[in-house]
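Chemist: Here's the letter readout for the chains.
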Amino acid sequence: MTSKTLILGAVAYDPKVVTIWDGFKAYFAERGLDFDYVLYSNYERQVRGHFEAQYQVAWNSPLAWLQAERVARERGRVARAVAMRDTDQDLTSVVIVKTDGGINAIEDLKGKTVGVGAADSPQATLIPLLHLAEAGLEPGRDFEVKRFDKLLGKHGDHIGGERDAAKALFAGEVDACCMIDGNHLLFTREGTLPANGTRVLAQTAKYDHCNFTVLDDAPTDLIEQFVTLLLAMSYDDAEVRPLLDLEGLKQWKPGRVLGYASLERAVARFDTLAPFLAELGIR
Amino acid sequence: MLKLDLDDLSFAEGGHVLLRHALRSVDVGQVVAVHGAAPALSVHVAAWCRGEGHSLVTADGESAAEKDAVVTIRRGSAESARWSDAERAGTPSLDGVVERPKASWGLAARGASVERGGAAFDFRLNEKRVLWADDAARLYQQAVAAQWDPQSAIDWNAPCDLPAEVEDAVVQVMTYLIENETAALLVPARFLSQLHPHFREVMQLLAVQTADEARHIEVFTRRALLKRDLLGLSTVGGQASLKTLVDEPDFALSSLLLSVLGEGSFLSLLWFLNTHGPDPITRQIAQLAAQDEARHVAFGMAHLEHQLAADPSLLERMRSAIQRRHDALSSTAGLNDLVYDALIVLAAGAWTPAAIRTGFQRVADLVQDMHSGRTRRLLRLGFSDAEADELSALHTKNFM
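Residue numbers (our numbering), protein chains in the order written: chain A, 1 to 283; chain B, 284 to 683.
One thing to keep in mind: the hints can contain errors.
[To be verified] Here are the simulated BS3-like cross-link-like pairs (lysine-lysine), alpha carbons at most 30 Å apart as the crow flies:
1) A/Lys110 - A/Lys98
2) B/Lys350 - A/Lys25
3) B/Lys385 - A/Lys206
4) A/Lys206 - B/Lys411
5) A/Lys98 - A/Lys112
6) B/Lys411 - A/Lys16
Calculated directly from the structure, the hints in this document are not laboratory data. Note that the coordinates shown come from a computational prediction; the quantities given were computed from them, not determined experimentally.
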């Protein structure tokens with residue numbers, strides 16, 4: 001490793017992560033970029049590592065992006081999102097109820113129990129709860145929240161929590177459950193949810209998911225080369241295609257941050273960032 | 284603009300199949316308007332399209348197809364990109380067998396369109412010239428048609444009351460046959476796992492060949508245990524001879540040693556058992572096994588003739604292989620007395636001096652018959668009279 005090595009920080013939410021980044025490492029090496037990666041078991045340690053200069057570019061969850069962005073702001077630094085997947089853009093989450101459950105409008109959730117994913121999952125917890133709150137139902141006050149915490153610190157990258165919440169709906173433990181739109185399709189197709197047994201009670205506005213984050217002291221030339229090579233990855237290329245399939249995208253896009261507005265309102269409303277910021281001495 | 288009406292079909296019930304088909308019928312960049320009444324259709328279509336690389340179009344509501352559409356989709360390029368540079372793995376017919384199929388074709392059916400970018404398989408036997416036989420397809424058809432069910436093909440209730448000494452001899456011969464047939468199962472099975480599946484007919488033939496041996500092992504075991512609780516003896520010399528077959532890494536040389544010389548000799552042995560077997564069950568199973576073994580020998584011969592036509596130097600390697608195996612086995616006992624004697628008693632059919640004399644003569648004739656068979660096949664492969672005679676004599680005394 002030399003000073004001209006670009007190091008990525010990523011969270012090991014699944015064993016395939018090693019295959020993915022090893023594949024990227026080889027792809028970059030063949031094109032003259034000395035690239036390596038370090039893996040963290042949770043996003044909080046990854047964000048802290050970024051500010052301790054353990055690496056130069058982070059593969060951040062949307063919540064980790066907000067954490068990094070907030071810490072940067074507090075310290076007079078600047079965080080930038082340089083690239084993201086096409087599949088990170090314009091996602092929605094849905095609140096699901098049983099077709100025959102007698103819940104026909106958001107107001108009907110008053111006094112009921114809503115199942116969500118992990119506490120730190122933007123898609124299965126924070127954004128859908130914000131949607132209900134902004135519609136007039138405050139979580140914990142107007143309805144009970146039942147969390148299905150799986151692998152805290154991984155920001156919901158593991159879909160186990162969402163699936164458990166979906167199962168709880170039909171076990172009668174909750175009256176509604178929250179998940180990313182694609183998982184409603186997945187759970188219905190795989191049979192976790194009966195076909196036509198559920199209804200979409202509410203759908204959130206569109207939001208964005210992961211991004212590659214850099215701080216203002218990142219080596220400009222390496223980052224530029226990194227982004228250029230990423231955006232050049234083509235689904236037409238048989239060598240590259242398996243990597244893109246594994247990472248779940250067809251095309252890399254330049255980073256954008258306009259899709260994090262709803263999550264930002266959610267973390268502000270629920271004070272989600274406070275414990276993490278407190279650890280860093282930020283109040 | 285293309286209009287797709289899903290009626291009340293949801294995406295949880297297969298709606299994506301119709302949408303995928305509709306998208307394939309328009310060019311990349313063109314749009315399809317999706318109509319339907321299923322609940323959550325717009326949520327599911329949007330999520331599905333995101334994963335498939337299609338984009339949603341903000342409807343302007345101008346065209347008729349778009350009017351009342353749940354969602355309008357612009358076809359992305361991902362699917363066509365995936366298949367644009369796919370490659371055909373030869374063609375399905377025998378004419379489509381190529382000399383050297385690509386490792387990246389993997390397990391794909393011959394003639395299939397193979398997506399690029401897959402991991403290459405490590406098939407060591409990947410050259411037509413070293414494994415092909417023009418007869419393979421015909422032999423495979425024959426083999427499939429000739430399969431028999433051990434339960435129904437043999438009359439297991441036929442009378443079988445032999446003198447104890449003769450029954451013991453049958454059990455010993457069966458024990459020896461099982462051990463030899465096990466080698467004849469494992470050797471093609473090992474090559475089978477190294478064979479590029481592009482050579483489908485050879486692969487199928489070897490698969491049936493191993494299945495043949497599995498049945499032979501079954502019927503020989505069943506005959507041995509018909510009157511006895513235990514099997515006979517397995518000797519160091521016998522296993523040493525078979526180990527040289529199992530250890531032979533070269534497909535052609537293995538074909539020579541196992542299929543042509545070994546199974547060729549076995550063919551004589553099985554017909555001998557069919558003729559001189561002391562009971563109807565032994566005679567019947569020997570006949571059924573001999574019919575199968577004849578095909579194995581035929582494939583070995585056909586494959587070697589194919590390879591020799593392209594590479595005459597193989598003849599010299601074959602000569603060395605026979606010599607090498609002979610040398611490797613020169614310090615072992617060869618066919619041990621107890622198997623040889625068991626064959627004599629079996630062929631005698633009775634425990635009397637006169638019968639033993641007959642059995643002894645029959646086994647001597649068998650050994651001569653095996654030698655003539657081997658010599659004949661070696662001649663056909665291109666060896667001279669003297670060479671064929673000499674090389675046949677070097678063949679293992681263990682028969683297989």
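Chemist: Against the earlier hints, flag every one the structure doesn't satisfy and list their numbers going up.
Modeler: 2, 3, 4 and 6
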